[in-house]
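Asker: Letter by letter, the chains look like this.
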Amino acid sequence: AQSVTQLGSHVSVSEGALVLLRCNYSSSVPPYLFWYVQYPNQGLQLLLKYTSAATLVKGINGFEAEFKKSETSFHLTKPSAHMSDAAEYFCAVSGGKSTFGDGTTLTVKP
Amino acid sequence: DSGVTQTPKHLITATGQRVTLRCSPRSGDLSVYWYQQSLDQGLQFLIQYYNGEERAKGNILERFSAQQFPDLHSELNLSSLELGDSALYFCASSARGPGELFFGEGSRLTVL
Chain C
1 AQSVTQLGSH VSVSEGALVL LRCNYSSSVP PYLFWYVQYP NQGLQLLLKY TSAATLVKGI
61 NGFEAEFKKS ETSFHLTKPS AHMSDAAEYF CAVSGGKSTF GDGTTLTVKP
Chain F
1001 DSGVTQTPKH LITATGQRVT LRCSPRSGDL SVYWYQQSLD QGLQFLIQYY NGEERAKGNI
1061 LERFSAQQFP DLHSELNLSS LELGDSALYF CASSARGPGE LFFGEGSRLT VL
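So the sequence lines, in the order shown, correspond to chains C and F. Each residue of the first sequence is one higher than the one before, counting from 1 in the numbering used here. Each residue of the second sequence is one higher than the one before, counting from 1001 in the numbering used here.
The reader is advised that the hints may include incorrect statements.
Said to hold, decoys possible - Here are the simulated lysine-lysine pairs, DSSO-like style, with alpha carbons at most 30 Å apart:
id: 1; chain 1: C; residue 1: Lys-68; chain 2: C; residue 2: Lys-58
id: 2; chain 1: F; residue 1: Lys-1009; chain 2: C; residue 2: Lys-68
id: 3; chain 1: C; residue 1: Lys-68; chain 2: C; residue 2: Lys-49
id: 4; chain 1: F; residue 1: Lys-1057; chain 2: C; residue 2: Lys-49
id: 5; chain 1: F; residue 1: Lys-1057; chain 2: C; residue 2: Lys-69
id: 6; chain 1: C; residue 1: Lys-49; chain 2: C; residue 2: Lys-109
id: 7; chain 1: F; residue 1: Lys-1009; chain 2: F; residue 2: Lys-1057
Hints in this document: simulated from the structure, not taken from any laboratory.
All chains, please: the whole structure from these sequences, using the hints.
Answerer: Take a look at the structure:
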């Protein structure tokens, strides 16, 4: 069985500040890991994915995530938040069918 | 544009009724997934089809059913609707293997 836990359902940062969204996974097989973003009234779109190549994965819009097997974590970061980053973010693990975390809503304050 | 098309975008109906949601996957994708997103349950996996065959089942109610047709489009049928079925229903498709999912924009169902 596989599962994903996102720590913190709401994260608020100031514009220009570091964004850190936390994700821990559980998987009995080497996982494929994903971060998706959902803007209001839209579907989810892929930010980045880990597929057992490099442990530091770069995605779109300046986001990146680091796979740490020892910590079973795949945290999402962005050095400097922009107002347009305000959205809901989902971590997911895939081994046949994707399992999503509960999501983290990111608020960016001016 | 993800390439996944869902219709209708919005649907309002009454309790006890039946509705059908339709999904056309990205060109070439054989897998179709259905998810339900609600405020209290989050994003819940319902069911997956691969090339017409059911591949995986999640938290799908017996009142709900789905199928994937030979042209690879899929339909999710929701019957005996209850107030609690009001949600956003997403379809996603993927290529072969456990790769990324491409989501449609969803069908928002409101049951009154």
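Asker: Hint by hint, say whether it matches the structure.
Answerer: Now the hints, each set against the structure:
| no. | hint | result |
| --- | --- | --- |
| 1 | Lys-68/C x Lys-58/C | 15 Å, holds |
| 2 | Lys-1009/F x Lys-68/C | 39 Å, violated |
| 3 | Lys-68/C x Lys-49/C | 14 Å, holds |
| 4 | Lys-1057/F x Lys-49/C | 24 Å, holds |
| 5 | Lys-1057/F x Lys-69/C | 28 Å, holds |
| 6 | Lys-49/C x Lys-109/C | 27 Å, holds |
| 7 | Lys-1009/F x Lys-1057/F | 24 Å, holds |
Hint 2 alone, counting from the list given before, is not met by this structure.
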